[in-house]
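Peer 1: Note that the protein sequences, when read in sequence, are chains A and B.
The letter at position 157 of the first sequence is residue 157 when you use my numbering, and the numbering goes up by one with no holes.
Offset between the second sequence (1-based) and my numbering: plus 265.
Hints in this document: simulated from the structure, not taken from any laboratory.
Wrong hints could be hidden among the right ones.
Selected chain B positions facing chain A (in silico; Cβ < 8 Å) [claimed, not checked]:
1. M271
2. W274
3. V279
4. V293
5. F355
6. E384
Computed from a predicted model, the values in this text were never measured in an experiment.
Even glycine gets a Cβ: it sits at the ideal position worked out from N, Cα and C.
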Amino acid sequence: MPKRIVSGIQSIGHRVIESIWRLGLASRFFILVLLKSGTSLRRFNLVIRELYFTGVLSLIIIVVSGLFVGMVLGLQGYETLQKYGSESAVGTLVALSLVRELGPVVAALLFASRAGSAITAEIGLMKATEQLAAMGMMAVDPIARVVAPRFWAGVISMPFLAAMFSVMGVFGGYLVTVVFIGVDEGSYWSQMQSAVDFRFDILNGFIKSCFFGVAVTAIAVFEGYDAPPTAEGVSGATTRTVVTSSLVILGLDFILTAFMFRGVS
Amino acid sequence: MQRTTMDLWVGLFVVMGIIALMILSLKVGNLNVYNPSQSYVITGNFENIGGLKVRAPVKSAGVVVGRVTNIQFSTETYDAVVTMSMDARFQFPKDTFASILTSGLLGEQYIGLAAGGDEAMLKAGDKIMKTNSAMVLEELIGRFLFNKAAEDDSF
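So that you can see chain A by itself, here it is in the shape it has in the complex (with noise of 0.2 Å):
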């Protein structure tokens, strides 16, 4: 067999392998972040600061994209319905279609980019410049004091960001097909009101925004405490952040999606 065949098979199994490893340490990682998060719930303004940089810094931004993809979803369901004759349940195409997918998911995007990149540089960082190995010279484990805070105030904005998007989206889709364009305000209302269903629909979209937040703060965290230390290996960590937590994001959906409606209405 020609050696450059066997050579590339052998680069595909290193791949492979490699990948697998990180998956296994990748996992060990989010097992040791849990246990060692005791202690900074209990130091819960650890917790609070990093709620400040990834939940309010975001939130700009959450809440401007939630209007405007509202806003967008308005236009184009009117557009649509308009021929049917059905333009008042417009409501209920916004809403539904925010609460369950959009909501839950652009906002995950959107947090993944604007939250988890930040969160990778800034533990990379820390690994790059010794900060990390100085904290444990000290005796203070970096896992419990850097990493678990900024897990667990991922965890908890996520919801609230998916939920204030949600939020918008639907006082977007309100401004353009009511105020701009003229339908009927009650039928917008109460369309959404009679589709959206608690239980099935706004509970769902707050497990799985909460499903999303787990994954994107437990793949921006391991990929900065696992990069390179150096600045190559801090931003190549920094896009494979983004990368696979979209990727997991919309992987995730399905699964819920599937899990979540099947087999309802």
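Fit chain B to the given chain A structure using the hints.
Peer 2: This is chain B only, laid out in the frame that chain A set:
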């Protein structure tokens, strides 16, 4: 512990998040507190339920008085057994007539109750005796064509 402006912002963030969840559940989702202790369950056998689904509303005079909680097929009578959870505020006579109706031309299907004149009321676990199946379009067209053919023959 000293307070910082950061705490204020985070508090504001959490409050806004909770308000957003409240708006979603109350304004968008119309969460009506549904207390299962204040409801009673009745059943009804239907020859054909058409497109009736679990969670479909049970209406009387257009007002929602309950929900469909379960639909099963009975091998004893070979028809569908529909279980309905009714609001305890609304009591119906024993000879109430239940039929599967459609809201609008293409809308969802629901169970319509027309109250009878019996003195005795339906109790929990009772069965509605008078039922009317869903209207199935194919059957309707078939019947129409059959009648048309019969008319043509009479000439």
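Peer 1: Could you run down the list of hints and mark each one as holding or not?
Peer 2: Hints and how they fare:
no. : hint : verdict
1   : M271 : holds (5 Å)
2   : W274 : holds (5 Å)
3   : V279 : holds (7 Å)
4   : V293 : holds (5 Å)
5   : F355 : violated (19 Å)
6   : E384 : violated (35 Å)
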